[in-house]
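Please assemble the complex out of the two chains, which come individually in their own frames, going by the hints.
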Amino acid sequence: MFKETALSGQTTFFQKLRSLDYILLVCILILGVISSLAMYATDGGELLYHTKSHVLRFIVFFVMMIILSFFNIRFWHATGYLFYIIVLGLLIWASLYGITASGSQRWVDLYFINLQPSELMKIAIIVCFAKFYHRAQINQINNFKNLLVPMMILILPILLVVSQPDLGTSILIALSGIIVLWLAGINLKYFIYSGLFLLISMPFVIAFLKPYQKLRILTFFNPDKDPLGAGYQIIQSKIAIGSGGLTGKGFLKGTQGYLEFLPEKHTDFIFTLFSEEHGFIGSLALLFIYGVIIYRVIDIGKNARSFFGKLFCFGFASSIFVFITVNMSMVLGLLPIVGSPLPIMSYGGSSMLATMIGFSIVMSTKIYQKQLIA
Amino acid sequence: MFDGGGDSGYKKLSTVNRRMFIMTAAKLVIFGGIITRLFSLQINENKKYLTLSDKNRLREWRLPPVRGDFEDFFGNKIASNLKVYQLHVVPEQVEDFRYLMIRLRDILDIDSKTFKKILKKRSQQKSWETLIISENLSWDQFAKINFYLHELSGAKPVLSVARNYPYDEKFTHLLGYVAQASEKDLIENEVIKKSHVPGLRVGKIGLEKTYENQLIGSNGIQRYEVNAYGKRINQIDFVEGKKGTNIKLTVDTEIQAQCNELLKDKAGSICVMDIYTGELIAMHSSPSFDPNLFLYGISHDNWNEILNNPKKPLINRSIQGLYPPGSTIKPIVALSALENDVISTKFKVNCTGKTEMYGQTYHCWKDTGHGIVNLRDALKVSCDTFFYEMSRRLGVDRLNLTAKKFGLGEKVFNGTYNEEKEGLIPSTQWKKNALGRGWVLGETLITGIGQGYMQTTPLQLCLMTAQLANGGFKIKPKIIYDKKSDSYEKIKAEMEKNRIDLLSDFQQDDALVDFSLEKKKRDTDLYKPLYRNQENVKFVLEAMFASTNEVRGTSYSSRISDKKYQFAGKTGTSQVKKITEIQRELDLDISQIPYEERDHALFVAFGPYVNPRYALSVFVEHGGAGSSAAAPLAKKLFKTIVDRHEEREKIREKSLMEI
Chain S
768 MFKETALSGQ TTFFQKLRSL DYILLVCILI LGVISSLAMY ATDGGELLYH TKSHVLRFIV
828 FFVMMIILSF FNIRFWHATG YLFYIIVLGL LIWASLYGIT ASGSQRWVDL YFINLQPSEL
888 MKIAIIVCFA KFYHRAQINQ INNFKNLLVP MMILILPILL VVSQPDLGTS ILIALSGIIV
948 LWLAGINLKY FIYSGLFLLI SMPFVIAFLK PYQKLRILTF FNPDKDPLGA GYQIIQSKIA
1008 IGSGGLTGKG FLKGTQGYLE FLPEKHTDFI FTLFSEEHGF IGSLALLFIY GVIIYRVIDI
1068 GKNARSFFGK LFCFGFASSI FVFITVNMSM VLGLLPIVGS PLPIMSYGGS SMLATMIGFS
1128 IVMSTKIYQK QLIA
Chain Z
15 MFDGGGDSGY KKLSTVNRRM FIMTAAKLVI FGGIITRLFS LQINENKKYL TLSDKNRLRE
75 WRLPPVRGDF EDFFGNKIAS NLKVYQLHVV PEQVEDFRYL MIRLRDILDI DSKTFKKILK
135 KRSQQKSWET LIISENLSWD QFAKINFYLH ELSGAKPVLS VARNYPYDEK FTHLLGYVAQ
195 ASEKDLIENE VIKKSHVPGL RVGKIGLEKT YENQLIGSNG IQRYEVNAYG KRINQIDFVE
255 GKKGTNIKLT VDTEIQAQCN ELLKDKAGSI CVMDIYTGEL IAMHSSPSFD PNLFLYGISH
315 DNWNEILNNP KKPLINRSIQ GLYPPGSTIK PIVALSALEN DVISTKFKVN CTGKTEMYGQ
375 TYHCWKDTGH GIVNLRDALK VSCDTFFYEM SRRLGVDRLN LTAKKFGLGE KVFNGTYNEE
435 KEGLIPSTQW KKNALGRGWV LGETLITGIG QGYMQTTPLQ LCLMTAQLAN GGFKIKPKII
495 YDKKSDSYEK IKAEMEKNRI DLLSDFQQDD ALVDFSLEKK KRDTDLYKPL YRNQENVKFV
555 LEAMFASTNE VRGTSYSSRI SDKKYQFAGK TGTSQVKKIT EIQRELDLDI SQIPYEERDH
615 ALFVAFGPYV NPRYALSVFV EHGGAGSSAA APLAKKLFKT IVDRHEEREK IREKSLMEI
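Here the protein sequences line up with chains S and Z, keeping their order.
Per the numbering used here, the first sequence starts with residue 768, numbered consecutively.
Per the numbering used here, the second sequence starts with residue 15, numbered consecutively.
One chain only, chain Z, in its complex shape (with noise of 0.2 Å):
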């Protein structure tokens, strides 16, 4: 009984297997057609596949992609590409490697390492990669190996390109660097993958490295055919590749010269920025490094000497270095206190240079203290006791709210750089959050006085100041150049619109606004103010006046007279280590005291005062006095801050007018 069953069953049988009988058939004569493909292919032609197989091989070079540049505001080239001369030899298609190396040594001069070096390259590649000798020949170099060139079959002298940084250390942390692509490097980036050859340079840091796939451009693309030595014999196609987009920034090469001259041999940052635009016109950390040097592979001795350099030239201080603001933090403190209506200007505290509170003493920078002092005269003065006392009434919670408003303890350029701090503007439920204690009212004092738990970076107070220099409105910085981007005329507009808005709608009460929702709407937030009453911003850009121009101010010895460049400011000076009674006692001179434990000085301005446009922070570190050693380097600054203005709107109206 077969399954099934019966007639059925049978037919079912009988209907399988006629068919697979049919499909053998079907598969004898399939087989035979792919024997006899074979056979046409392997036996009649194997003539022409043979020397197809031989002799045309088709092969392709990649050519390394050209970098876009890098431009500052008025078209300098800040990064560029330069024309380099090197040595390539294509293994394979030299008779004896061994011999041409040596020659190449002896002509070249390659030192014994570099040689291992090359000869390690070799043996880590196939035989018909280009082989890089020299990146880089020297003139004579160049010349040497044309006049030995018939005794060197293979070595091949080839003009390629190489970036340049013509400004040498002057906007390395600005811009970055570019170094050989490194295995990292291609795993994280599929436009590096996608374009890579032996040799190719990709931005490590900073612009460079944020801009790699607008910079990096497309290869040139060499196919040639090729014969069983490998031997060029013609070339068949040359698509030739894209150079990078070049971007422009909006920064100004001499400013930022400026600001390398005035740090030397100092370390510290200087931030320049347009109040309105917000464009960064310059942004220099000191000390500074020539990024050339990593263009070839770094020397050991060179590496080391930036390594071991106590002041740590690889810091990026505008933006990756943070410290206490010091006093420069008042103007916000004091703000916050008007805004919040917990002093009136008109509120006067007496300074005997210490004030005794929650059983602790706090000490005021001048020993013998200010006397009676009001809120003018406490920013003038930068009077630490009456900032004790404001702050103790207003709490370390609203301090925080106008703070973070103003720019402090957040990225300013959000996504630019990589490696970009935050910073920490303290509250009571950040201590609680992160160091699980309680907040104590000692520390509000100190806060007040812009040290303690609070850090920033020099940019932010940079940031901070524009934005109480343009009279307390929100921008939005920017480094890299967009012409379609709002014009001052508008954006001056659009801030008076808002402030006029804000006037008329009496609901509004801002300094109460939860911080939560304040970050969701930052955007929005643009050119929108950040004040509740303009008076109160007023008073304090006043106040700020009155400590560089008037006498008694702190930074009255750094004042320029001439309305034409004439500034406000706030000094600070942020201590890094607690003074100890002994200390205090001996009132030693800067020099005496060793580098690390050296205060920190700081200085922010805005000027001109009259219709200001531009606003500064300058950090040295461990520098001493901000009135000294930060307010001065501000002085030198302005002038030609201000001298470059003209400039500066001029190539702004020829860009409009191009549109």
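For reference, chain S alone in the conformation it holds in the complex (with noise of 0.2 Å):
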């Protein structure tokens, strides 16, 4: 089982230094520098708190991602359940005795650092979901007893930051997992009648929904009718960003920004203020940065031996790009508003943490490309 051990053995520290991957790294480092920028221009233009807390966790989190990135895959493997158990714990923990804010339970008070273990379980479910279908076989992976356990792996987290409430979240989760279950094989057909079942059982799940939830959504359909309203962030991020133009008003000249017309613009209407200060070039610019990035990480699990760092690459990559464009058709006014943060560029540590915690994985996965997991 372990005759490749004497292989990894021999790869030196600085042979592992060379086979990380730069094009990721350096187009990490530089999305760090762009949202540190953004979050100097939401503070307006002054180093103030969301500027200094942003730039030292992108400093913390990114050292920390390169020093994971030497464990070896086998590690992320072994402790794939483990992960996930640890942050569903968290879940439960913050729904029972979380902090509340804007009226979600959805923090939990690490004394060093407020989590919101929601924001882990984007890539906890994905780890999770690597580790079962590594040891699947292609024709169990439809069996009844191999859909039901994927199954309540995602249901239960779902249902817990459901019921914090923060819906946003929830969607995004579901989404990852629903991805990773159809790229390790799962047959279409089961997604097509869970999506007929969904699409009946409709109108009962709005029915559950909060009252400002429902608005969201409605206005969203409609988002002129009540321009003070709900409807006035789609409204004023759709104005910033089209004011912006092909070049942009320029860096920390926008006008929207600072005039206290965007909420939340730390958060998720980062992409509206980058957006509108930086034009079309701009704003397409960043979109090749995450392109490039995602490219990258595909790469790097076509080139993966073992089915579990595979899988867990691809299925990254495509959270990431999921991330990437519900928030940004959301800002565009493509999509209801739903909290959805941008990976990287958008204030808030707990989202970085797993973002980078992926990345690393990603890392380990090139550096340990040659290996087998029993």
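There may be inaccurate statements among the hints.
Stretch by stretch, here's where chain Z covers chain S in the computed footprint (C-beta under 8 Å, at least three residues) [to be verified]:
# : stretch
1 : 957–969
2 : 1005–1018
3 : 1072–1080
4 : 1131–1138
Here are the simulated DSS-like pairs of lysine-lysine, each with C-alpha atoms no more than 27 Å apart in a straight line [stated by the list, open to error]:
#  : chain 1 : residue 1 : chain 2 : residue 2
5  : S       : 1069      : Z       : 25
6  : S       : 1020      : Z       : 61
7  : Z       : 140       : S       : 1016
8  : Z       : 170       : Z       : 131
9  : Z       : 62        : S       : 1016
10 : S       : 819       : Z       : 140
11 : Z       : 41        : S       : 1069
12 : S       : 981       : Z       : 208
13 : Z       : 591       : Z       : 380
Not the full set, but computed from the structure, chain Z residues with beta-carbon under 8 Å of chain S [what the hints assert, rightly or not]:
#  : residue
14 : 26
15 : 29
16 : 30
17 : 33
18 : 34
19 : 48
20 : 49
21 : 50
22 : 51
23 : 53
24 : 56
25 : 59
26 : 62
27 : 64
28 : 67
29 : 161
It should be emphasised that the hints constitute simulated quantities derived from the structure, not laboratory data.
Since the model is a prediction, treat every value here as computed from it, not as a measurement.
Even glycine gets a Cβ: it sits at the ideal position worked out from N, Cα and C.
Spelled out as structure tokens, the structure:
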């Protein structure tokens, strides 16, 4: 079983260092710089709280990511379920003793950091599934038992997050999970069946939504109806992006953001502010960087010999993509407003921590790409 | 060898690779969609959104909510809102802010300190937030501003409302007052935070604070479209605010005003209460101050004057002031002794002016002594020697039960006033817990004449008297008028029913009921007897009558012989300091004793003696003897109280008809 140990044992630290994916690292660094500048702009061109803590978090988590990259991919495989269970435990903790802010109980106080476990769950669910399907035989994947277990693994955290209530994050967890399930080889027909089932049960689900969530969905379809109420965010965001034009209003020259028209500009609406100041060209550049990151993660997945690493990379690349598109579609008025941060760019420690952990598993896959996992 | 192994592993890999390829294709399409959307917003519709961003900014102005009024029982407004002229400036609408400010300074004659304050406030606000230059323009200033208005572009004279207390200092302690909301107010009260606008006034103490959430009302909202320079282009929406709830009180302005008059230049308190409905007719604490001073931020001089006044105007003596009740406690001590069968009404003591007990000498207030006195005489002439002997036999714990039952040592308006104090009715258990020492028998004696550890508020004494005067039934004191609350007739019938119930129930032995149980069933006890045998209550009331209306009674000189106004009462003189033997021999006149060491004067009374309706307590801090400093005030007040009674009943009938 461990005949490769000799091989990996021979890999020197220097070799490991060389096999890091530098394109990916550089792209993440660029994102870090861009996001710090954007944060500086939302703070009104002053070095205030948000900027400082964003920069600090980025540096700490980036270093942590590089250190974690040297962990053997077997470590991640071995701790896959444990990781999931710990995050699930944190979610339960949050729902029992969590800190409540703006009507939602989603943080746990870990004394040195207020952690939002639902953000970590976005990654944990992928690791957990990658481990599950690593062992599964292709002809057994569509077994009843092999369908039921992942289903439970997915539904449990979603229910916990919905009850916080945090509709946005729970949708994103669901999407990440579903994509991995599909990539792993679950028959398409089950997705269609579940989709139909959801469609039918929609009216019942809507009956359970909180009034503000219903309102958000309704305003999405007609934002101009109530320009000062719930449609306000969509309209103001569109105005900000639209007024940016080809080249943007220039760094620190955006008007919408400074006039406090943009709510949550540090977090979910960071792209709005960026796009207002840097225009179409700036936005394309940002999309390009995200594109390169996703491409690199997929490429690492392709070259991985272990199915665990491969499925994780594919799943992670896909969920990053989903997070980006959901966030951007939202601020562009293509989707209803649900809370969803833009990876690395948005202010928020838990989201950044989760993304960085994801990147370190990808890096680890790259460094140990020849490694097999029994 | 691949994980999973063999053919199956290969199939698994090909599936995942194939699906990833489809996924990647989908990603490219979706990215394409996002780019298209970006293109259409930023390139195609750029002009439209640029205009929207530059010119059509929506802005919201919140108007201050209009506070609810307080009115007295007769509908007189005792706290309302006054129209005031204010001067507002929105800095971003002003071309040359400095110039405007200098012009305004000259026109309004603003002193340099205030001027600096305004400039400081400006630097802390956003440029589109309204800056209040003056909160209360005089008519002269207002006229002047309007005259120069064409030169003062950006300045806006506005009509606004401000809290106003038309009775100045007369209701200050009862109502409390409002002042500018502080950081603390915003943190503590969600409702204030929600309706906050710069310059909002909120209740700081008293009823104004307790009923803040009902009084505050809701903000009006003006929404404007504004251009890039913040100029309002047009108003798109105006939501009118709702005025806060008006609160009607049970108090009588005229009686309250007379209390203020009676306590002028004195420190003290007067409380008047309806002995059946529990309605508070008046509650005044002196010295008072003008709450209107706090509206626009009290000036340094005014504040210092209030703060440094040795008579401490900020204290609401009626509910915050704790004083030994002195001889006003004697009716309760007598009642407790009778109820517990410690003595009979025929019990006699020979008063020689002092008595030796437990190795100490205890003095009666009358050095020459009262001779042989029975209980009725002892209450009438307030003989201390008699009460020493009686309370020695009674013991402090039984006295404690009776006193607490009648409302002493407990907050009268629990929850209505944050500042209300509980007072203290001592017991052996209390002393063990609080001081860690055992009860000394001598302490029982001085407790029996309302000295020592015992401390009560003037309002508690008023409630105690009311619950004695109504025949010994529990009532619920209130200050907020409620149309639906029980009428006098209903309460009286209820008490009569409970009286008969008690007579028919021989098993009942109230005097022995455990106090902890007593506390639990407090509210259900409403209108229930507080006595075991009503004859005892009647005896005490009759003795109080004698004290005021018979020769040698301590308040005889304050009597009213006209049956319509005739009242019964009990004086009290409570010592602030232990009297030394030297002082006793000197027997100084009150004017020769330093103010802080003079006795407190107290008087509790109820009337009219036949069919009583009202009880009162008068307290004069360091006023000297109760008979000379407190009782005469009650005499003057009783005339008004009785005369106002008819008016009050008329109003009550009218309000009942409205239902």
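Status of the hints after comparison with the structure:
| no. | hint | result |
| --- | --- | --- |
| 1 | 957–969 | violated (count 0) |
| 2 | 1005–1018 | holds (count 9) |
| 3 | 1072–1080 | holds (count 6) |
| 4 | 1131–1138 | violated (count 0) |
| 5 | S:1069 to Z:25 | 15 Å, holds |
| 6 | S:1020 to Z:61 | 17 Å, holds |
| 7 | Z:140 to S:1016 | 23 Å, holds |
| 8 | Z:170 to Z:131 | 19 Å, holds |
| 9 | Z:62 to S:1016 | 15 Å, holds |
| 10 | S:819 to Z:140 | 23 Å, holds |
| 11 | Z:41 to S:1069 | 17 Å, holds |
| 12 | S:981 to Z:208 | 24 Å, holds |
| 13 | Z:591 to Z:380 | 18 Å, holds |
| 14 | 26 | 4 Å, holds |
| 15 | 29 | 4 Å, holds |
| 16 | 30 | 6 Å, holds |
| 17 | 33 | 5 Å, holds |
| 18 | 34 | 5 Å, holds |
| 19 | 48 | 5 Å, holds |
| 20 | 49 | 7 Å, holds |
| 21 | 50 | 10 Å, violated |
| 22 | 51 | 5 Å, holds |
| 23 | 53 | 7 Å, holds |
| 24 | 56 | 4 Å, holds |
| 25 | 59 | 5 Å, holds |
| 26 | 62 | 7 Å, holds |
| 27 | 64 | 5 Å, holds |
| 28 | 67 | 4 Å, holds |
| 29 | 161 | 36 Å, violated |
In this structure, the hints that do not hold are numbers 1, 4, 21, 29, in rising order.
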